[in-house]
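Residues per chain, in single letters:
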Amino acid sequence: MKKLNRRALSVMMIALFIILGLFTYIERFLRDGESWASYFSRLNSLSEGYVTDRNGVLLAAFTANDNSYNEDRNTRIANYHVTGDFWNRTGTGILTNFARQLHSYSPITGMTQTKRISLKLNVDSVLNNKAYAALAGRKGAVGVVNYRTGELICMVSSPAVDPIESDPVAPEGVYINRLLSATFTPGSIFKLVTAAAAIECVPSIWQRSFFCLGEEEISGVLFHCPFEHYTNDFRGALANSCNIAFAQIAISVGQREMVNHVRAYGFLDSHSLDGIPTAAGSYPLEFVGDPETGWSGIGQSTDLICPYSMLRFVAAIANDGVLVEPKLIDDGKPAEQSLLVNPETARTMQDLMRNNVIQTYGDNRFPGLEVCGKTGTAEVGDGTDHAWFTGFLKDEEHPYAFIVFVEQGGGGLSVATPIANTVLQAAMRRGTDMEY
Amino acid sequence: MQGDFYAYTLAASKAILILLSFAILLRCLRSMLREEYDPETWAYLRYGRDRLPVQHWEVIIGRSPDADVYIPEREIARSHAILRRNDLGQWRVYDVFSRGGVWVNNVFVDDDGTEIVSGDILNLNGICVRFEDLSMEKRERLESKRSGVGRRYSPSLTLLMLTAFQLFLLLQHSFYAEPETLPDIALGFGSLIVMEWSCFNAMRIINRAGFEIETLAFYLSSLGMSVAASSTPEDMYKQILLTLTGVVLFLLCGWWQRSLQRTASTRVLVAAGALLLLGINVVASDVVLGARNWLEFWGFSFQPSEIVKVGYVYVGAATLDRLFRRNNLYVFIGFSAICVMALALIGDFGTALVFFVCFLVISFMRSGSIATVMLAVTGAGLAGFLAVSARPYIAQRFASWGHVWEDIYDKGFQQTRAMSAAAAGGLFGKGAGNGWLHRIFAANTDLVFGMVCEELGLLIACMMVLAVILLACFAIRSARTGRSAYYSIAACAAMTILLTQLALNVFGSMDILPFTGVTFPFVSRGGSSMLSCWMMMAFLKSADNRREASFAVRPGETIRSASDREAIREARREKRAEKKQATKAGRAAKKQSRRGGAS
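Residue numbers (our numbering), protein chains in the order written: chain A, 1 to 436; chain B, 1001 to 1599.
These are calculated hints, taken from the structure and not from any lab test. Warning: the hint list may mix true and false statements.
[What the hints assert, rightly or not] Just a few of them, taken from the derived set where beta-carbon distance is under 10 Å, the chain B residues facing chain A:
no. : residue
1   : 1065
2   : 1457
3   : 1469
4   : 1480
5   : 1483
6   : 1493
7   : 1496
[What the hints assert, rightly or not] Quick look at which bits of chain A chain B covers, simulated, 3 or more residues with Cβ under 8 Å:
no. : stretch
8   : 9-15
9   : 21-30
10  : 109-116
Computed from a prediction, not measured in an experiment: that's the story for all the values here. C-beta atoms are modelled at their ideal positions from N, C-alpha and C, and glycine is treated no differently.
Bound conformation, chain A alone (with noise of 0.2 Å):
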């Protein structure tokens, strides 16, 4: 009989290995328990929750009896990446990040409480719808900021779907938010972080001038210029947008002190907008020669930016420096402040984007702003190109920083500027309680 005893505990063992299971139900109860309730407690709870841009209009509910969005379609596919939805087939969506909140549902008591809570976003749907209109389907983003108060005023990625649709008819990415998770090659906008390298690293650089014949061997390599672009400084040379010249720059800067800005700057790391992670963006760190220095510091080679870096970067230049990081919710915090750029450089940056557009782009282009930017035509590599516009508006009543990209778009100039004109006009509007 004393055999039997310890034989017995074999019988333990199955007993131990239910409590194991109960534990490890517990974690996953614990981890996931909230997007399960998500998922068909939620019709069946009490508890409200909604959705409204900065303005009140409703973009999504979840009520005791029904999900459900905004009325209208074209609002409800311009604002898509912002809201997400309710099977969380898009990762950035407000649904699906502040699902907890929305739902009253905590661990303890389950989805068993009788709340209503309402999440007012800086969003502006009607600024969004028209951002939307402006890409006209092509694939793209548009992301505007207030840079004195950190309000994301404008969010938009293209394309995106009807979110009461279960299974639309989907391009590929559609739910890729491609202003937040995506990361593209950033062309000649990435010349304002060279720019920026240079004006701390490089004394001479206000005396050096640049000639540009369209192409110049540096290092054994064919850098080209798509005009000559003659003689210029480095002003010139910025507003010009001219790849000989930068491509020396940077290499004057040197790898070392590149890497140290880009990395300064944020591109290389994965940022929270209230709690959304961003995509990080990579650069070369290693030092493999001059020519891939040169590359590198006009945004080519191996350079990949998260859209929403750059327009944190810009957004830190029009404020002389300090980032007012942007929030997509209205929670009535005030933003984090912090030094991103040096304030003198930020100054300088200030006048060396608004001379691109006085010198290069023309204000007639933006009629009625003053806008300080900078374009980019990213070659991709299979001949087509991305379109990129960054900048901000020098306007205190108006303190928009703004980043319009186009992938595969074409030419900055004659694809992004207009949309970005498009949106910072009817953001002006929106600004001074005109009719839109």
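Here the structure of chain A is known, so what remains is to put chain B in place on it, guided by the hints.
Chain B in isolation, oriented as in the chain A frame:
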């Protein structure tokens, strides 16, 4: 105002349910596992100056420290001989294929063993010990010194708590149930209360104080009643009837197992019956939802495999003397293989797995050899692999395991709903009767863990699991003090079946194990399952030999010899005959007098 009142009452009742559950479990745990209980003493072996107690009805004598009667002498084998007592109080000694053999009063003990009486000298390869049986008075004196059950943790108080638990469950149901079904639900909980108290009082009358097993079973049954009230309130009578039948079967089975002889002699019969039932099932049943495990009888559908489970434990357990004979184990392995194959044919893989795990535990307890267990696992794994490669659709049934959220409208339909509802319940639940999961197919059987989580909360759902584990721990503990290996093995095997079912039910519905659709003991709705669970409790009850604890254990009167017993029987027979004679005579006299009066 009224809304507030409801909300506060609901919140308070939720807290009270959890506290009561916790208290019931804790009291049962302390009483069953924490308290020390003295072993029984049935006889002595005198060796030199030492008096070695014989504490079971079956003991091994040997040199191994594992031996129940430990005699550290080189001449003796590690396990040398077995002493065994039968229901009548007769003792036999068996040789365990030892080197030197066993002699009783200088007569060699052969394979069938030799009966011994008090004063006999056992010669174990030269080592002589004297066997001393206990006189009736001596045994009674020893028995009265043993610590009893229920002193420190009064079973009536625990039962009172359970009654309160049931009343609060009823209160919550009264908030949410349709008014026309409320009387039925009240009747359901009411009859549970009546059942448990009459059971308790019956035990009191026959002077049995252990009631923890019944309390836990009734605790789980109340959760089952709550599940039934939420899901099928129009069908409460069935649940009441089933619980009642279950309790009656529990009492009958417990009483039946009081006699080892009776169980031993009926084992072959039960085995044959079990095979016959499974045979009928394989040949004659309908395919219901993928598995053909249902039989229809006069409008009642029932699952033969549930009843076969009880038979399987009954057949699988064995007394100690049989453990040492290999061919007994081989016959059992054959029987198990047929059972598992029959279930696989039916397509009830969950139950087949339950049987297989039970088989592993029984064969390990009987043989003590891990090699045997490994062999069985390898064999089963091989068979499973062959089955899957020959019939790929079997594998497909388990394909959604771990990926249920990728297929929420088809393969993962039930599990995802169960998980969602369970998460929505949080720790404290939405209130009994307030869930929505019961509308999903098989919610009250296969997804019952989800239902309990949703309505009563994760805490009570965990305590429901712990209640079964507590019963299993008690089975393990009883294996040490059990009178016979039969009772110990049967209790452990029965709890293995319940534990395995529980694991498959809970983790299957929560996508931690493949979803096989077996029932949660006592809680899942299902007629045959409820009956078999109560019958399993009888095995546990007959392994519980704390002093005056279990109705399924005889007090163990000592009768010195068979002739004494025969004499007592003769006396009884005579007395009965006399009485008969007397009544006959009386009736005749009455007749006479009536006739006399008429004339």
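Hints versus structure:
{"no.": "1", "hint": "1065", "result": "holds, 8 Å"}
{"no.": "2", "hint": "1457", "result": "holds, 8 Å"}
{"no.": "3", "hint": "1469", "result": "holds, 5 Å"}
{"no.": "4", "hint": "1480", "result": "holds, 4 Å"}
{"no.": "5", "hint": "1483", "result": "holds, 9 Å"}
{"no.": "6", "hint": "1493", "result": "holds, 9 Å"}
{"no.": "7", "hint": "1496", "result": "holds, 6 Å"}
{"no.": "8", "hint": "9-15", "result": "holds (count 6)"}
{"no.": "9", "hint": "21-30", "result": "holds (count 7)"}
{"no.": "10", "hint": "109-116", "result": "holds (count 4)"}
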